[in-house]
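Asker: Sequence:
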Amino acid sequence: MLVRAFVPAHITAFFVPRFNDDPLRAGSLGAGINLDKGTNIFASIETGTLERHIHVAFNGEPVKREEAVISYSVAERLVPEGFIGEVEIWQYFDFPNGYGFGNSAGGALGTALALSYRFGGTWLRAAQTAHEAEVRHRGGLGDVIAQLAGGIEVRVKAGGPGIGVVDNLFFGDYKVLVVPLGKLSTREVLDGDVVKAIEAEGSKALEKLLAEPTPERMMALARDFAEKTGLLNGEVLELARELDKVISTPSSMIMLGKGLFALVRGEEVESIKAILADLEVPYDIVEIYEGKPRVERWFEGGSK
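The UniProt record's numbering applies: residue 1 is where the sequence shown begins, and numbers increase by one.
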């Protein structure tokens, strides 16, 4: 049996980490955007073997347990103990790993949904399993619950699915410009001295956004957060200032990755392309993804 799941990529605009010994009560406050590109997961589950095997692959290449500990952890919890057979989890990412697009959470949530579809379970239990694995293995704090919500989301109460609370902003005809330039380690940032600044500035940003809940306000607050915490600096900050010359709302930093994102309108696209072509940097312009992730049985030649 082959099951396919899609989980949107998620960009965090600003955040406030909330740590807790109970993984389901750990999470983050903040805001972000879900994209119509992300992680496609194919789960192949076959019986008829003499032993139980679980394998994970990224973009077609098998990966060892230490390179995909979160996805392996999810699979081992959701494949029943008595199951004898071959379970293969194939994850394909539209954006590079480590660049701030929520790939870790996308892989975990997609794996949980696909296996729950095959073996039985609920959306909530699947999502909680993915969130717990993310928290325990330091993959992230708020991506799973944000990816469940879709759209432009605001995390107003920290915690995993079933405990945290997420709201959504109305957003009109915006598209999302993404400029992925490099990696940042979530673990290293959250272990560093910058956490105090993130907590203070993120709390202020959330309070201001809830008082004026618009996409334009979110982007202005995201930029302010990125600069005041010192996360947005150097060449990336200079690029943001160049982009700001041709778009109506400020660009800001992808949290946590070395890159930028912005909300853009159709009439701004050509000017953006010209600037980025001159600077020879990678970019993409994508739609905002609304709704929940998708999961379905997959047949050769397409789904039914």
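Hints in this document: simulated from the structure, not taken from any laboratory. Treat the hints with caution; some may be incorrect.
[As the list claims (entries may be wrong)] The list that follows gives simulated cross-link-like pairs (lysine to any residue, SDA-like), each with its CA atoms no further than 25 Å apart: (1) LYS208 with GLY182; (2) LYS258 with ILE163; (3) LYS157 with VAL246; (4) LYS258 with VAL246; (5) LYS157 with GLU46; (6) LYS196 with ASP244; (7) LYS196 with ARG138; (8) LYS196 with PRO23; (9) LYS37 with VAL194; (10) LYS292 with GLY182; (11) LYS37 with LYS175; (12) LYS175 with VAL286; (13) LYS64 with TYR92; (14) LYS183 with ASP193; (15) LYS258 with ARG294; (16) LYS258 with VAL195; (17) LYS183 with PHE171; (18) LYS208 with LYS183; (19) LYS175 with ALA197; (20) LYS175 with ASP193; (21) LYS64 with ASP36; (22) LYS245 with LEU279; (23) LYS183 with LEU124; (24) LYS258 with ALA211; (25) LYS245 with ALA277; (26) LYS37 with GLY98; (27) LYS204 with LYS64; (28) LYS157 with LYS208; (29) LYS258 with GLY182; (30) LYS292 with LEU279; (31) LYS183 with ILE288; (32) LYS175 with SER248; (33) LYS183 with TYR117; (34) LYS228 with ARG241; (35) LYS273 with LYS228; (36) LYS228 with GLY182; (37) LYS273 with SER203; (38) LYS183 with ASN233.
Quantities reported herein were computed from a predicted structural model and do not represent experimental measurements.
Asker: Next step is simple, just say for each hint if it's right about the structure.
Answerer: Verification of the hints:
no.: 1; hint: LYS208 with GLY182; result: violated, 30 Å
no.: 2; hint: LYS258 with ILE163; result: violated, 31 Å
no.: 3; hint: LYS157 with VAL246; result: violated, 35 Å
no.: 4; hint: LYS258 with VAL246; result: holds, 21 Å
no.: 5; hint: LYS157 with GLU46; result: violated, 40 Å
no.: 6; hint: LYS196 with ASP244; result: violated, 28 Å
no.: 7; hint: LYS196 with ARG138; result: holds, 18 Å
no.: 8; hint: LYS196 with PRO23; result: holds, 21 Å
no.: 9; hint: LYS37 with VAL194; result: violated, 30 Å
no.: 10; hint: LYS292 with GLY182; result: violated, 28 Å
no.: 11; hint: LYS37 with LYS175; result: holds, 12 Å
no.: 12; hint: LYS175 with VAL286; result: holds, 6 Å
no.: 13; hint: LYS64 with TYR92; result: holds, 16 Å
no.: 14; hint: LYS183 with ASP193; result: holds, 19 Å
no.: 15; hint: LYS258 with ARG294; result: violated, 29 Å
no.: 16; hint: LYS258 with VAL195; result: holds, 17 Å
no.: 17; hint: LYS183 with PHE171; result: violated, 28 Å
no.: 18; hint: LYS208 with LYS183; result: violated, 29 Å
no.: 19; hint: LYS175 with ALA197; result: violated, 30 Å
no.: 20; hint: LYS175 with ASP193; result: violated, 34 Å
no.: 21; hint: LYS64 with ASP36; result: violated, 29 Å
no.: 22; hint: LYS245 with LEU279; result: holds, 14 Å
no.: 23; hint: LYS183 with LEU124; result: violated, 31 Å
no.: 24; hint: LYS258 with ALA211; result: violated, 29 Å
no.: 25; hint: LYS245 with ALA277; result: holds, 15 Å
no.: 26; hint: LYS37 with GLY98; result: holds, 16 Å
no.: 27; hint: LYS204 with LYS64; result: violated, 41 Å
no.: 28; hint: LYS157 with LYS208; result: holds, 15 Å
no.: 29; hint: LYS258 with GLY182; result: holds, 5 Å
no.: 30; hint: LYS292 with LEU279; result: violated, 36 Å
no.: 31; hint: LYS183 with ILE288; result: holds, 23 Å
no.: 32; hint: LYS175 with SER248; result: holds, 13 Å
no.: 33; hint: LYS183 with TYR117; result: violated, 33 Å
no.: 34; hint: LYS228 with ARG241; result: holds, 15 Å
no.: 35; hint: LYS273 with LYS228; result: violated, 28 Å
no.: 36; hint: LYS228 with GLY182; result: holds, 21 Å
no.: 37; hint: LYS273 with SER203; result: violated, 34 Å
no.: 38; hint: LYS183 with ASN233; result: holds, 15 Å
When held up to the earlier numbered hints, the structure conflicts with 1, 2, 3, 5, 6, 9, 10, 15, 17, 18, 19, 20, 21, 23, 24, 27, 30, 33, 35 and 37 and fits the remainder.
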